[in-house]
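Visitor: If you want the building blocks of each chain, they are given just below.
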Amino acid sequence: MDKASTSKFSLRTRPTSEKLVDVGFKNIVVAMASMVAIVLFSIFAVVYYESNESISRYGLRFLFSSAWNPVTDEYGAFTAIYGTLFTSIASLLIAVPLGVGTAIFITENIIPEYIRNIIGIMVELLAAIPSVVLGLWAVFIMEPFIRPFLNIIYELFGFIPFFSTQPLGAGMMPAILILVVMILPIITSISKDSLNQVPLKLRQAAYGIGASRWTTIFKVIIPAAISGITGGVLLALGRAMGETMAVTMIIGNSNNFSWSMFAPSYTISAMLANQFGEADGSQVSSLMYAALILMILTLLVNVFAQWIVKRLSLKYQ
Amino acid sequence: MNYTSQKSLTYNPSLTRNVGNKALTLAVALFAIISVLPLILVISYVLIKGGSYINLDTLILEPEPPGDDLLSAGGIGPAITGTFIMSVIASIISIPVGVGGGIYLAEYSKSGNFAKFIRFGSNVLAGVPSIIAGVFIYAIIVSTKILFGSMFSGIAGGISLSILMVPTIIKTTDEALKLVPNDMRRAAFGVGASKFLMITNITLPAAFSSISTGVLLALARAAGETAPLMFTALFSRYYITSFDDLFYEMGSLSVLIYNFALEPYEAQNQLAWAASFILVVVLLSLNILSRWIGTLGAFSKNKV
Numbered sequence: 001m002d003k004a005s006t007s008k009f010s011l012r013t014r015p016t017s018e019k020l021v022d023v024g025f026k027n028i029v030v031a032m033a034s035m036v037a038i039v040l041f042s043i044f045a046v047v048y049y050e051s052n053e054s055i056s057r058y059g060l061r062f063l064f065s066s067a068w069n070p071v072t073d074e075y076g077a078f079t080a081i082y083g084t085l086f087t088s089i090a091s092l093l094i095a096v097p098l099g100v101g102t103a104i105f106i107t108e109n110i111i112p113e114y115i116r117n118i119i120g121i122m123v124e125l126l127a128a129i130p131s132v133v134l135g136l137w138a139v140f141i142m143e144p145f146i147r148p149f150l151n152i153i154y155e156l157f158g159f160i161p162f163f164s165t166q167p168l169g170a171g172m173m174p175a176i177l178i179l180v181v182m183i184l185p186i187i188t189s190i191s192k193d194s195l196n197q198v199p200l201k202l203r204q205a206a207y208g209i210g211a212s213r214w215t216t217i218f219k220v221i222i223p224a225a226i227s228g229i230t231g232g233v234l235l236a237l238g239r240a241m242g243e244t245m246a247v248t249m250i251i252g253n254s255n256n257f258s259w260s261m262f263a264p265s266y267t268i269s270a271m272l273a274n275q276f277g278e279a280d281g282s283q284v285s286s287l288m289y290a291a292l293i294l295m296i297l298t299l300l301v302n303v304f305a306q307w308i309v310k311r312l313s314l315k316y317q
Numbered sequence: 001m002n003y004t005s006q007k008s009l010t011y012n013p014s015l016t017r018n019v020g021n022k023a024l025t026l027a028v029a030l031f032a033i034i035s036v037l038p039l040i041l042v043i044s045y046v047l048i049k050g051g052s053y054i055n056l057d058t059l060i061l062e063p064e065p066p067g068d069d070l071l072s073a074g075g076i077g078p079a080i081t082g083t084f085i086m087s088v089i090a091s092i093i094s095i096p097v098g099v100g101g102g103i104y105l106a107e108y109s110k111s112g113n114f115a116k117f118i119r120f121g122s123n124v125l126a127g128v129p130s131i132i133a134g135v136f137i138y139a140i141i142v143s144t145k146i147l148f149g150s151m152f153s154g155i156a157g158g159i160s161l162s163i164l165m166v167p168t169i170i171k172t173t174d175e176a177l178k179l180v181p182n183d184m185r186r187a188a189f190g191v192g193a194s195k196f197l198m199i200t201n202i203t204l205p206a207a208f209s210s211i212s213t214g215v216l217l218a219l220a221r222a223a224g225e226t227a228p229l230m231f232t233a234l235f236s237r238y239y240i241t242s243f244d245d246l247f248y249e250m251g252s253l254s255v256l257i258y259n260f261a262l263e264p265y266e267a268q269n270q271l272a273w274a275a276s277f278i279l280v281v282v283l284l285s286l287n288i289l290s291r292w293i294g295t296l297g298a299f300s301k302n303k304v
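Chains as they are written, first to last, in this note's numbering: chain A, 1 to 317; chain B, 1 to 304.
No lab work stands behind these hints, which were simulated from the structure alone. All residues carry an ideal CB built from backbone N, CA and C; glycine is no exception. Mixed in with the good hints there might be a few duds.
Claimed, not checked - Heads up, simulated DSSO-like pairs for lysine-lysine below, C-alpha to C-alpha not over 30 Å straight-line:
#1 A:LYS310 x B:LYS110
#2 B:LYS49 x B:LYS110
#3 B:LYS22 x A:LYS26
What the hints assert, rightly or not - Computed far set for chain B versus chain A, every beta-carbon distance over 10 Å:
#4 PRO13
#5 SER14
#6 PHE31
#7 ASP57
#8 LEU59
#9 SER111
#10 ASN123
#11 ILE131
#12 GLY192
#13 PHE196
#14 ASP244
#15 PRO264
#16 ASN269
#17 LEU279
#18 ARG291
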């Protein structure tokens with residue numbers, strides 16, 4: 001009796017094996033978490049190390065020259081940097097109104113909820129289509145379809161430098177359009193989430209003092225959700241700058257600089273996809289230099305996105 | 001003392017604000033239609049055009065070298081198995097790392113400086129362009145021949161895909177575990193469970209469905225990626241026949257689409273469409289499956 005009660009109520013000391021498992025498990029998950037930091041740092045370190053030769057040889061001249069000549073060993077990434085920035089910003093200009101507009105349409109009670117849900121799911125499924133499939137579609141279906149329209153623009157507005165060459169197939173404009181298709185889901189789904197998080201009270205208060213639907217949207221709902229929307233737009237910008245396959249297949253891959261949106265061009269990622277496989281010697285280190293520039297650009301955009309979400313976000317209780 | 005306005009209280013559709021409201025509503029409706037259009041167009045072209053080239057030969061045969069035979073290009077069999085094998089390799093690496101990292105963030109250090117840094121780092125890693133992952137693996141694994149002297153290999157391809165999967169898995173694990181109520185943790189400690197037992201027996205099972213959603217979404221993204229495979233796994237026209245073949249070039253659906261789309265031969269282009277059909281059908285099913293699993297869990301986002 002006595003013996004039984006002590007064994008029932010005595011404090012149980014943890015066996016060493018249990019403690020070991022606990023400590024071991026903690027160390028394992030810490031190691032797993034550290035992997036992220038290790039991989040991130042080593043990506044930077046490796047790309048920087050491999051590009052060292054070109055950085056010391058060309059310095060900042062690399063950014064402003066559009067020479068790309070493996071024979072004379074002259075390399076410059078101006079065309080690719082310009083192409084990367086131009087295509088991503090131009091696609092953003094088209095995709096932001098479309099994406100935010102769609103997000104407003106599916107968060108307002110304009111049409112029945114199940115139709116809105118279907119539209120939301122369809123736009124998000126667009127993100128599931130691999131970029132190489134979109135590239136295939138762009139090459140065989142989209143580009144032949146839009147070429148006549150681009151030709152009309154060329155004939156009417158050919159005196160403007162941006163439209164000054166005849167569209168002959170692959171070029172910057174189709175690349176911009178396919179980028180729009182790729183970043184639309186990101187902008188739409190993030191904007192939708194942030195619009196949904198705006199408390200109902202704000203909307204009701206606006207309606208209560210006589211604001212119309214669109215006054216409410218412009219003066220109350222969008223300002224309240226602006227941090228999320230901006231974050232989503234910046235994430236989309238980062239994505240557009242790093243996007244490789246669809247752009248490589250449709251942009252024409254030419255290192256000759258042209259102001260025209262209808263002429264073949266290059267982006268940094270397209271240049272890597274195209275040349276990295278066959279490159280050797282100083283071309284590799286020049287490509288790595290270009291990769292480093294791409295990494296820094298996307299890093300800046302991503303860090304800025306995270307900062308702005310933190311900075312601008314209002315907390316509603 | 002007369003506060004009532006002379007204006008009528010009935011709805012007047014010709015008022016500027018009402019006309020403006022209508023116009024803006026129509027505009028966003030139009031935007032929504034434009035946004036949905038690409039999906040419908042891409043999916044219908046891939047399903048109809050790609051589906052028409054699908055038959056048993058296409059699914060099983062090995063692809064012929066371009067230009068050899070103008071009428072038939074063989075099939076996409078090795079590419080299907082290659083994509084599958086590399087996705088499995090990527091999952092074997094990224095699931096433990098991702099789930100482990102997520103457990104650390106949610107269970108051990110919710111707001112410590114190291115955890116903040118890891119969260120930030122995993123967001124940054126998620127934004128690293130996929131081609132950079134390929135270049136990185138090329139530099140550290142392929143060009144150094146560190147994997148038993150092999151250069152381009154399916155394993156290197158799988159590793160580069162895992163870099164893309166880890167951030168998504170960490171993030172969803174972290175968020176899923178945070179949704180598990182703290183009462184359950186206290187109850188587990190109260191009955192004397194160690195932290196290890198609490199995590200493996202209580203919180204991980206409670207968050208299981210949300211974590212699987214994240215894993216499936218990450219897998220669906222990785223399986224469709226091309227850029228990281230171009231310099232790591234390269235491409236191969238042959239089936240793998242032994243374990244050693246993992247250390248040699250390996251074909252994949254996405255690289256096959258890229259290579260064959262740019263060939264001037266009709267037969268190769270058709271194979272690219274057929275491969276797109278398989279890839280899109282599998283990825284869309286994975287996506288829909290993951291959404292469905294996400295609604296099952298007790299503490300999933302959609303229910304709380």
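Visitor: Would you mind marking each hint as holding or not holding in the structure?
Guide: Okay, the hints, checked on the actual structure:
1. A:LYS310 x B:LYS110: This hinted pair holds, its Cα atoms lying about 17 Å apart.
2. B:LYS49 x B:LYS110: Measuring from Cα to Cα gives roughly 50 Å; hence the hint is violated.
3. B:LYS22 x A:LYS26: 59 Å, violated
4. PRO13: 13 Å, holds
5. SER14: Check passes; 14 Å lies beyond 10 Å.
6. PHE31: Since the minimum Cβ distance to chain A is about 3 Å, PHE31 of chain B lies within 10 Å and the statement is violated.
7. ASP57: 21 Å, holds
8. LEU59: 18 Å, holds
9. SER111: 14 Å, holds
10. ASN123: Given that some Cβ of chain A is not farther than 10 Å from that of ASN123 of chain B, nearest at about 6 Å, it is violated.
11. ILE131: At roughly 4 Å from the nearest Cβ of chain A, ILE131 of chain B sits no farther out than 10 Å, so the non-interface label is violated.
12. GLY192: Given that some Cβ of chain A is not farther than 10 Å from that of GLY192 of chain B, nearest at about 7 Å, it is violated.
13. PHE196: 5 Å, violated
14. ASP244: It holds; ASP244 of chain B is separated from chain A by about 24 Å at its closest Cβ, greater than 10 Å.
15. PRO264: Holds, because the least Cβ-Cβ distance between PRO264 of chain B and chain A comes to about 12 Å, which exceeds 10 Å.
16. ASN269: 7 Å, violated
17. LEU279: Answer for LEU279 of chain B: violated, closest chain A Cβ roughly 6 Å.
18. ARG291: Answer for ARG291 of chain B: violated, closest chain A Cβ roughly 8 Å.
Checked against the numbered hints above, the structure violates hints 2, 3, 6, 10, 11, 12, 13, 16, 17, 18; every other hint is satisfied.
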